[in-house]
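**Q** Residue numbers (the working numbering), protein chains in the order written: chain A, 1 to 218; chain B, 1001 to 1613; chain C, 2001 to 2210.
In short, the hints are calculated from the structure, not lab data. These figures come from a predicted structure and were not determined experimentally. Take the hints with a grain of salt, since some may be wrong.
Quick list of in silico lysine-lysine cross-link-like pairs, BS3-like style, CA-CA up to 27 Å [what the hints assert, rightly or not]: (1) C:2026 - C:2152; (2) B:1608 - A:121; (3) B:1004 - C:2152; (4) A:99 - B:1004; (5) B:1606 - C:2207; (6) B:1607 - C:2207; (7) B:1004 - B:1607; (8) B:1608 - C:2207; (9) C:2026 - B:1608; (10) B:1607 - C:2025; (11) B:1296 - B:1324; (12) C:2026 - C:2207.
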Amino acid sequence: MNLVLSIILTVCAAIGFGYGLFRFFREDEALYVRMIVFAVGSAMFGRLIETLQLLVNGQISGSFHIGMLGTAGSFLFLFSANYGQMDSLVDDGSKQFRKTRIIALIAPIVMIAMWGVLASKGFTAKTAIIGIETLIIAMAAYYHLKHIIIKDIDFGLIRVLRNYNILALVYAFLCMAEIMIKSFHLSLVFVIIVYVLQCAVMLAFVPVLERGVNKWTI
Amino acid sequence: MNTKHLLRRILSVLTAFFLAAATVIPMAVPVYAQNSRFISEVMLAAGEAAAENLEKDGWSVMMTGLNRDVSADRQVYLAYKTNTGDPITNVMISNDAGESLIDHNGISYDRASETDVDEGVGGGAGCLYYTRDKKAGTPLVGFDILRSKEEPLYPITNDGAEIVRTEKGAPADLERTNEKSVIYLAEIRDGIVRPYISEIGIVSDTDKWNAVYTACERGYHYYVDGDIDGSDDTYTLLVYKRTADVNQAVTNITAVSADAVKEMEERQILDEAAFSNNLTGDTIGISGIEYVRVSKNPIQAQKPYYLYQTKNTSAGNPVSMLYKEQLEEAQNFIFGTWAQEYFFSEDAATNAAAFSANEDLYAQLCEDLTVCTKLPVQVLDSIPSVKTAEPVTEETTTQKAEETIVEAPTDSVEEMDSIEETDAVEETEEASGEETETEAVAEEITEETTEETTVETETTTEETKTEAAAEEITEETTEETTVETETTTEETETEAAAEEITEETTEETTVETETTTEATTQTPAGEEPAYINILMLTPRDGLPQSVAQITGLRDHLSETPITESDARSERNNELYASVFGKGGPALVIGSIVIAAGVVSAIVIRKKKLKGAK
Amino acid sequence: MDNLSYVIYVCLTVSIGLMLPLMEKKTRRVMVFMLLGVSACLFVSEINSILLSGFGGDYYYVTTNITPLTEEIVKALPILYYAVVISDDRRALTMNAFAVGVGFAVLENLVLLVQNIDSVSVLWALARGFGSGLVHGICTVAVGFGISYIKKRRKLFYCGTFALLATAASYHAVFNILVQSKYQYLGILLPVITYISIILLAKNRLKKRS
Chain A
1 MNLVLSIILT
11 VCAAIGFGYG
21 LFRFFREDEA
31 LYVRMIVFAV
41 GSAMFGRLIE
51 TLQLLVNGQI
61 SGSFHIGMLG
71 TAGSFLFLFS
81 ANYGQMDSLV
91 DDGSKQFRKT
101 RIIALIAPIV
111 MIAMWGVLAS
121 KGFTAKTAII
131 GIETLIIAMA
141 AYYHLKHIII
151 KDIDFGLIRV
161 LRNYNILALV
171 YAFLCMAEIM
181 IKSFHLSLVF
191 VIIVYVLQCA
201 VMLAFVPVLE
211 RGVNKWTI
Chain B
1001 MNTKHLLRRI
1011 LSVLTAFFLA
1021 AATVIPMAVP
1031 VYAQNSRFIS
1041 EVMLAAGEAA
1051 AENLEKDGWS
1061 VMMTGLNRDV
1071 SADRQVYLAY
1081 KTNTGDPITN
1091 VMISNDAGES
1101 LIDHNGISYD
1111 RASETDVDEG
1121 VGGGAGCLYY
1131 TRDKKAGTPL
1141 VGFDILRSKE
1151 EPLYPITNDG
1161 AEIVRTEKGA
1171 PADLERTNEK
1181 SVIYLAEIRD
1191 GIVRPYISEI
1201 GIVSDTDKWN
1211 AVYTACERGY
1221 HYYVDGDIDG
1231 SDDTYTLLVY
1241 KRTADVNQAV
1251 TNITAVSADA
1261 VKEMEERQIL
1271 DEAAFSNNLT
1281 GDTIGISGIE
1291 YVRVSKNPIQ
1301 AQKPYYLYQT
1311 KNTSAGNPVS
1321 MLYKEQLEEA
1331 QNFIFGTWAQ
1341 EYFFSEDAAT
1351 NAAAFSANED
1361 LYAQLCEDLT
1371 VCTKLPVQVL
1381 DSIPSVKTAE
1391 PVTEETTTQK
1401 AEETIVEAPT
1411 DSVEEMDSIE
1421 ETDAVEETEE
1431 ASGEETETEA
1441 VAEEITEETT
1451 EETTVETETT
1461 TEETKTEAAA
1471 EEITEETTEE
1481 TTVETETTTE
1491 ETETEAAAEE
1501 ITEETTEETT
1511 VETETTTEAT
1521 TQTPAGEEPA
1531 YINILMLTPR
1541 DGLPQSVAQI
1551 TGLRDHLSET
1561 PITESDARSE
1571 RNNELYASVF
1581 GKGGPALVIG
1591 SIVIAAGVVS
1601 AIVIRKKKLK
1611 GAK
Chain C
2001 MDNLSYVIYV
2011 CLTVSIGLML
2021 PLMEKKTRRV
2031 MVFMLLGVSA
2041 CLFVSEINSI
2051 LLSGFGGDYY
2061 YVTTNITPLT
2071 EEIVKALPIL
2081 YYAVVISDDR
2091 RALTMNAFAV
2101 GVGFAVLENL
2111 VLLVQNIDSV
2121 SVLWALARGF
2131 GSGLVHGICT
2141 VAVGFGISYI
2151 KKRRKLFYCG
2161 TFALLATAAS
2171 YHAVFNILVQ
2181 SKYQYLGILL
2191 PVITYISIIL
2201 LAKNRLKKRS
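Produce the entire structure from the sequences given, and follow the hints as far as they go.
**A** What follows is the structure, given as structure tokens:
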């Protein structure tokens, strides 16, 4: 069953990535959107590796497998895109946005708390590696939440991307949920729900981003 | 560049290096989950007052005493401390030693207390001894007291707890003076979660309790409940040991009929890996993989068989559980006799229910798994009648061995060699071949061997146009009269060649047995593989239910089943994936170059920035 | 003979190195990066053998999970150096990155050839040449190309580089898993298809620009 779910998720991520390449790479587009497409691509590679390992070996063995890098790379791209490109357009570091910055910490705190629950079960190599992955997801989630709640008055670039940021935040929590479900060996029903939602997110990522980007007037 | 900027840069670089290091280092230095509490001191207290005094001194005292039916002031209590020093790795009970003793493994033990463990009922069972030697095992994390009056109490708990023994290795009964009741002290080790079976054994006795006791004496801590031979005279128990190390796990168990083993030994049918003759059935090859016999004597089922085990990863996935007969799913992870009382230190009290849920065990079992499956243990009965390896040393004695090799001229690369040793007086051979107009080549080999009379073999070859390779072997055996063997081979137009080999030998009346096997290890057409009433739980679904094929006797290269390193490197690796060096200066020189590059990059950047300013 | 890889390395680098003074600037730069790729392969082979022993000789696990990461990191180092110190011109970085990848693949194929001389064939050579050469080239190009975008933006540079390396290592791992499975030829097709797609995309963009 895991193999089937993995294949479906890989295909959905590949469709999202392919659509992103088609839409944003044929002509000159902003680096921001290209980085998000690369994020989808990185996630696709991670899922592809998991699918192949399940297909070839029947299991994913070891504390670390390179599919984790796909997920980590995906969120690093998302983090870089938001932190490196967009955040400076809305947040000038002034006291005006302090409240927003503090509220946005909720997302990473929740994620780190989720990892803390896992770590309390026993600290192993796998827990440490999941911790690093959690850190990266949390970093990305912080900026997604921040860009959802921040008042973007000046340029409106981030305001129109609110839906995309919500989707990205949902994806971050789905990835964390997947980690927790697999670590605690919860019922297959939960696995299916998480995978189905991730498929929907992968398919919707680029179209939702496109809709927001089309509203950019600058 | 302002300070804030510089600090951000430094922080980014440090974070980057930390992420990289934190990813690689934990993999190189695996951290295993361990129970943080371990027993570091033990003591026996005679009487409730002594126990209270110990509690005041910071000891934890087990609420259940070690003796039965005695008043509190005569009861013997086990007290312990945790994490006050080096962990205790084993305890034992002895009444022959003084302050210290050395057991049969050469490990030194110190006496915990002068109080006898059964002082409340008169004494005589002995004193408690402990050791901190790492060779004795992993740290103890708890104790358990098992009691039974008049009902049989097995000295194997099947939950990982080990019965405390005497210095001679036998389970120590704390109530030795009372024949009607048994009290065992069990020790629980860290790493109780041992998801894989590392060794299996067979113990036979007249009754179950004796069999379990013998298994305990031999060092086994688990057994499959139920008599596997089904006979009324003996109770045969399948026992096993567990491990947390997947590399030590048994990956497959196969039964081989005693007749087949005997015949192989007599006819010295050798595997390609064998180096010499005069081998025994202790080690055989099955589908090219080395299997080691579990017990010297066969299991006396209706048709006697030997059990063989292997740890070769090509044979299958690690076996996690063994069952006798089909069990309901709900019974999967519930083990046998449970501890009645179960105590850790008061701060981290756990009970039998927590372990009986086997949450951690299940988690360990399923951590890397997609699905579990139960595989039945196959019984192999047929031995290779045609494919026999040539012995390394040539035997030229004409009395016993004669080799006859007949090859028909063919275009095919395949050749058929057969060697048979008989005590026959006469041997005649006939070979004939036919070729048809189809593309494939025909090959006929006829062999005759006799024991007391004549053996005639005929081989005919036919060629057909089929897609699959098929091999038919028909055997008939005679003892007193004519032995006829017919070999027919079929060849097809496709890539695989088909052969039919028919051997006929007759007994007084003609007895024909036909066995059909394919050239590959796929499930043969027309024959259902036989199984015994043992199931293995392994982590992989859809493991091909192929009939394994005995390939012959093997040299026993090691005393214990060989732990093979992952054989996947040899599978489908023609194209290879990476290069591996053999040690040279490249590492040092490369590191120096990289370091020089980093330094030069920093220096040049600084100069550029200075120039820009 | 032990350390045949060093013998091959010397044979390759000395011959090409002697040629360098006679080349034009651009070509010389590309050949230098190719030699750096060859050197990186030798360096990585020693690291891989240490890692292999560290992971208990589990060849399959190391080649599918660890070596893609180490190889991509080491291959990226010359490109990073060039981008940080010399120039972040996209075209130059792309060419140099591809040269590093190809140089890496050349030594890798030669070492594997001599280590498995009994089992090689022309088909094997074609498979290794197309498969390995393209994979290494594409992965390094991805890193170099990405660096050209993010290098100027400080906030992007570190995390972006890691993200690029992670993606490249994932792609490389996909290839390694496929070639060591029964889907070997799918593993060889993957970089060929990727390469053709990139060429077509680049040509398309050039057309539009002109």
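**Q** Would you mind marking each hint as holding or not holding in the structure?
**A** Hint check results:
A distance of roughly 23 Å separates the Cα atoms of residue 2026 (chain C) and residue 2152 (chain C); the hinted pair therefore holds under the 27 Å criterion. For the hint linking residue 1608 (chain B) to residue 121 (chain A), the alpha-carbon distance of about 52 Å lies beyond 27 Å, and the restraint is violated. Only pairs whose Cα atoms come within 27 Å are accepted, and residue 1004 (chain B) paired with residue 2152 (chain C) is accepted, the gap being roughly 19 Å. Pair hint residue 99 (chain A) plus residue 1004 (chain B) holds up; C-alpha atoms about 22 Å apart against a cutoff of 27 Å.
The suggested pairing of residue 1606 (chain B) with residue 2207 (chain C) is violated, with an alpha-carbon distance near 40 Å, which exceeds 27 Å. In summary, the hint linking residue 1607 (chain B) to residue 2207 (chain C) is not supported, as the alpha carbons are separated by about 41 Å, beyond the 27 Å threshold. This hinted pair checks out: residue 1004 (chain B) and residue 1607 (chain B) have alpha carbons roughly 20 Å apart, not beyond 27 Å. At roughly 37 Å between alpha-carbon atoms, residue 1608 (chain B) and residue 2207 (chain C) are farther apart than 27 Å, so this suggested pair is violated.
Among the hinted pairs, residue 2026 (chain C) with residue 1608 (chain B) is consistent with the structure: their alpha-carbon atoms are about 23 Å apart, no more than 27 Å. The hinted pair formed by residue 1607 (chain B) and residue 2025 (chain C) meets the criterion: a straight-line CA distance of about 24 Å does not exceed 27 Å. The straight-line distance between the Cα atoms of residue 1296 (chain B) and residue 1324 (chain B) is roughly 21 Å, inside the 27 Å bound, and the hint therefore holds. Between residue 2026 (chain C) and residue 2207 (chain C) the alpha-carbon distance is near 24 Å, which keeps this suggested pair within the 27 Å criterion.
When each numbered hint is compared with the structure, violations occur for hints 2, 5, 6, 8.
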